[in-house]
Amino acid sequence: MNDYVDKRIERFETLLKEIWTASEKYLGTFSVKLLVERAVWDLSAEYREIELLQCDEGGISCAEIAASVKKNPNLPVDEMFTKFITKYVEILARLVGREKTDKIVKKLNEEFGGISFNL
Amino acid sequence: MPANLLLSVSLKYWQDFQDTLAKVMDANIYILDINGGAFSQFSRDVELCRKMNNGGKICNEKCLRFYKDTLGSLEDKGTFTCPYGIRLYAYRLGTYAQKIGFLLVTSGRIRTRVDSEEENVFVTKADSIYQTINEVLKAILEKNLLGLRRLELNSIYEISRLLISTVELEKVMDLITNSLIIIYRAELGFVGLREGDKIRVAQAKGDHGNLLIGKEWPMLQPLIEKVFSKVEPTFLSADELMTLPGLADLKVNSGNKIMVYPLWTSLGGVGLLGIVFYPEAMDDNDNRNLQIYANFAAIALANAKLVSRLEKEAETDFLTGFFNKRAMRNMLVNELERTIRYDIPLAVVFLDIDNFKSYNDTFGHVAGDVVLQKMAEIIKNSIRTVDIAGRYGGEEFVIILPGTKEEGAVAVAERIRKSIERYHLPHRKITASIGIALAKKSDSVDSLLERADQSLYQAKRQGKNCYCLETS
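Protein chains in written order, with this note's numbering: chain A, 1 to 119; chain B, 1001 to 1472.
For the record, the hints were derived by calculation from the structure and aren't laboratory data.
Yeah, the Cβ is synthetic: ideal placement off N, Cα and C, and Gly gets one too.
One or more hints might be untrue.
Mimicking DSS-like on lysine-lysine, the simulated pairs with C-alpha atoms at most 27 Å apart in a straight line are [to be verified]:
hint	chain 1	residue 1	chain 2	residue 2
1	A	K87	A	K7
2	A	K87	B	K1099
3	A	K25	B	K1215
4	A	K71	B	K1143
Label-pair distances were calculated between CB atoms; the ranges are [to be verified]:
hint	chain 1	residue 1	chain 2	residue 2	range
5	A	N109	B	Y1013	42 to 50 Å
6	A	R48	B	L1153	31 to 39 Å
7	A	S68	B	E1225	54 to 62 Å
In isolation and in its complexed conformation, chain B is listed as follows (with noise of 0.2 Å):
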C-alpha cells in the first residue's frame, strides 16, 4: 500500500503498465513513494542492480542510502549517477499541493559512455515517460480523490439529516466519530461536551477508545483551556495529550498526529473533537473537511443544550426550583404505572401553608416569596433522594412518596409538619396543613390527587397545623 492515502492503486495492473511502457520506450522505469520507500519493482531486467538488490526492489544499503539522500533534496527533476555508476533520471510525481512520489528513469542498455546527442535523445524519452506516468497517477489521485469525498458527501448528508431531531444527539455524535475511522482511518475519534466548568467524553471510537469515555477535564486544565483559546484546531503531540487527566492507559503512537478541535456556537464552547490519525491518513483539504464534522458536532451540541434547557425549564417553579404542576402530574402518571403494574406501595402527600394570604397581605409579597422558598427547603430536607416533591400552584405543595406505606407517609407528613412549626421566620410564626392519600390499583392520576386534596381540607376542619389521612 503506497504511504499517501489518496493514492489507492493496484499493484499488479500498475506494474504491467510500467514494464509496458518501459518496453515500448527501451527504457528501465522504477517508481518508490514519497517517503523514499519501494513502490514498483524494475521494469526491465539490469544485471547490475539485479545483482546488487537481490531481485526488482532496491535493497541494497548503498543504494537505499543514495536514493534518500538525492530524492530528499530534488526539487523537480535532476541527473545523477548512482553508487554503482548508473546514469539515471529522476522526477517528482504528483502536484505541489499533492506529492506522490518519484520516478527513476535508465536507459535499458547502460553503457560506461555516452556522446552528448544519445544523452539528449534519452532525456527526451524519459520527460515522455515522466509526463505519461505522471498524468496517469494524477488521473487516479482524482478518482481516488472523488471516491473519498463521495463517501465525505455521504455521511454529511447523514449528519445533517439527524440535526433535524436534536434527540438524536447520541446518533450525531455516533455518526461522526464513525466516519472519523471509516472515512479518514483515523485511530481514534472522540466528542467532549461540555457540563458546567468541565468536559466529558461522551463518545470515542479506535484503538483504545472505551478508555476515555466518561474521562473529565477541568475547563481550566491547561491543554483544555489552550483548545479553546481560539477557533482553529490545536495539533498536540502524543505526550502533550496524556498531560489530560485520566489518560495514563491510553496508548497512542508517537509519530501520530492529534488534533482537537473546539466546538463553538453562539452558546459558547460547548465541546471539543478529538482525532488522533497517521500524519500521511491527511492532507491540508481533509483538516479543512474535518471542520465540517466539528461544526456539524458543535450546532447538534447546542441544540441538544437548548433544548435540555428549555424543558427544565418548562418543569421546573422558579421560585423554588422545585418541579411544576405539570412536571408532578407526568412523574405521577409514571409512578401510579409501576404502582399498579409491579403492586408496589405509593403515598402522596399535598401541603398547604396555613393563613398564607393574610402574611402576604401583611408583610408583601417578597416576604411571602421568602416563606414559599424556605418551605420548599425544609420539604426537601425531609425527605429521601428517590421522593419527588414539587410546588402545586400558589402556596401548594405536592409530595410523591414511591414504595411508601401508611406508616412511612404519616412520618414524613409529621416530620415536614414539626420541622415548618419550628422554623422560626423573621415576621410570624408559619405552620402548615397535610393531606395525606395511598394509591390505590383503580387510581388515576385525578383520582389519586382529588383524594390527597380532600384529605387536606379534612386537616384545614380539623383546625389546621396538622396531617389527615384519607379515610378509605
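For reference, chain A alone in the conformation it holds in the complex (with noise of 0.2 Å):
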C-alpha cells in the first residue's frame, strides 16, 4: 500500500516539475513560485499537508508530503494533488491565456494519462 502511495506522489511530483517547467517559461520564476504559494494557501484550509510542498527557484519537490504520508496514510492523496492542479491551472488560465494553458494541460494529459485531474 505504501509502495503505491509513493509512487502516486512520485508520479504526481513528476507532474509538478512539467508544470513547473512549463509555466516559467511564460512568466519567470518568481511569479511561478508565487503561483504555487497562492494554490497552496488556498488549498491549506482544507488539506494542511499541502503546506508541506516545497518550492524554489530550483523547482517543487513533495519529499516531506511523501514522508508525512507514512505517518497519516489516509490522507486523499490523488485528491488533495488534483485540487491543487486545478487551482494553479485556473490562475495560470488567467495570467497566460486559454490557449496556452490548453497546451500545457493537453501535453500533460498526453504524457500523464493515468491521472486524471478535471481542468
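From the two separate chains plus the hints, produce the assembled complex.
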C-alpha cells in the first residue's frame, strides 16, 4: 500500500515539475513560485499537508509530503493533488491565456494519462 | 467557497466543528455568508426545517426571503421568529471592519411555548455559541490575512529588487500585473505608459488582457483627464471604462469594480495602473496595499524614462539632432559586423563643409550654427530611413549606408553635394567635399573611417565641392 502511495506521489511530483517548467517559460521563476504559494495557501485550510510542498528557484519537491503520508496513510493524496493542480491551472489560465494553458494541459494529459484531473 | 476572499475555511472540517459544538450545547447552528447565502448546513435535524428545505441548507423561497430581509437589517444580534414559527437568535459574525457572515442559533427541541426562564437560559447559551464561533472565525480570518500579506510581501520584495536595475522595466510591469492576478485574484490588470500626449497600454494580464495591449488613449480623453486630475485612484464602472478608445471588444462584467491609479512621480504623470476585480475580492486594506504596487510601477517608469532620456542625450548632437561621434562609432560596429557575417555591402560617406572656418569667422558662430543645422536637414532629406547620419565633430558629418554598393554610395554623395551647392544661405554660397569608402571583410571601424577620411582629403585636394571614392 505504501509503495503504491509513494509511486502516486512520485508521479504527481513529476507532473508538478513539468507544470513548473512549462509555466516558467511564460511567467518567469518568481511568478511561478508565487502562483504555487497562492494555490498552497488556498488549499491549506482543507489539506494541511499541502503546506509541505516545497518550492524554490530550483523547482518543486513532494519529499516532505511523502514522509508525512507514512504517518498519515489516510491522506487523500489523489484528491489533494488534483485540487491543487486545478487551482493552479485556473489562475495560470488568467495569466497566460486559455490557449497556452490548454496546450500545457494537453501535453500533460498525453504524458500523464494515468492521472485524471478535472481541468 | 465563501464570498469573503479572506475567509478560506475547509467546509468539511468546519461542519464537523459546528456539529460537535451544537451537540454539546444542545442547540441547532446554521451559518450564512455575508450575502445571506448558505455557508454551512443545519447542525441538527429540525424536522420542520428539513421538510421545508429538503435537506441541510435553506432553499425554501419563503425562508430565503425572510433571512435576506431580516439579516440585511441586523445590527449586532436579534431574536426573530421564522415564517414557520421557529424562534431563532441571529448574530452578525466578524468585526466592524471585516464582516464575515451571520450565525443562527435555535433550540435543539422546538417547542411552541417557552417560559421566560427557559428563554433566558437559551439566550445565554446562544451568546456563548456566538462568542466561540466568532472567535474561531476571527482567528481563521487573521491566519488567512497573514498568509495573504506574506504573499504580498514576497512579491513586493522581488519588485523592489528588480527596481535596482532600470533595464528591468518590462519585468517589473510583468511582475506587478502577475501579482495582481495571483494575490488579489484580479480579473484584469494593466499598465499604461505615458508617451508624450498619450497613454499606451504596455502590459495587460487577465481575461482578454491581450485586447488591451498596444491600445492608445489621448491624455485629453475625458476619462484619462479625470484619472490624472488627482493623486488617489479613480473608481470606474464597466460602462465608463468602455468609453476609452479601442475597447469595443473587451468584455467586463458589469458587477466588477474597476480601479485606476495614476502613476505620479517628480517627472509628472508617467502612466497608470488599472485593476478590474470582483467587489468581494478586495477590502479597504487591499486597496491601500495596491497603492504600493502603483508606487513601484511609477518609480520603475520614472527611472526608465530618465535612463532613456540620458541615453538619448548621450548619443545625440544637441545642435543638429543627429547622432554624435560616439553613437556613430557604436552603430558602425554593428553594421560592420552584419556586413562581415552576412556578406552584404556597406558604404561610409564622410562630408566636410568647405571653408567653414572663414564663414564662421566672417559671419559669426550663430550664422555658422545655422549652416550646420541646414546641412543636417539636407543630408536627412537625401538619404533613406535605413541610412544613419551623424555629426562627427566640427563641420564634419558621417553617413552610414547599409546594403549599399559603389554606385549607390556615389549617387547619394552626389545628391547631397548638389543639394548643398544649390541651397541659398543668407550670406554666401556653401559647398561640401565628400569622401566615400566601401567596407572590406578585413575592416575595423577605425580602418574604414580612416579610408573614408583619406578620400575626403583627396576630394579637398582636387579642388573641393566634389566627391572622391577610395581607390583600392
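Checked hints:
1. Between K87/A and K7/A the CA atoms are separated by roughly 23 Å; this keeps the pair inside 27 Å, and the hint holds.
2. For the proposed pair K87/A and K1099/B, the alpha carbon gap of about 26 Å is at most 27 Å, so the pair holds.
3. Between the alpha carbons of K25/A and K1215/B the distance comes to roughly 25 Å, so the proposed pair stays at or under 27 Å and holds.
4. For the hint pairing K71/A with K1143/B, the CA-to-CA distance comes to about 26 Å; that is within 27 Å, so the pair holds.
5. The beta-carbon spacing between N109/A and Y1013/B, approximately 32 Å, falls outside the hinted interval of 42 to 50 Å.
6. One distance hint, 31 to 39 Å for the beta-carbon pair R48/A and L1153/B, is violated here, with the actual separation near 22 Å.
7. At about 57 Å, the beta-carbon gap between S68/A and E1225/B stays in the expected band of 54 to 62 Å.
Checked against the numbered hints given earlier, the structure breaks hints 5 and 6 and satisfies all the rest.
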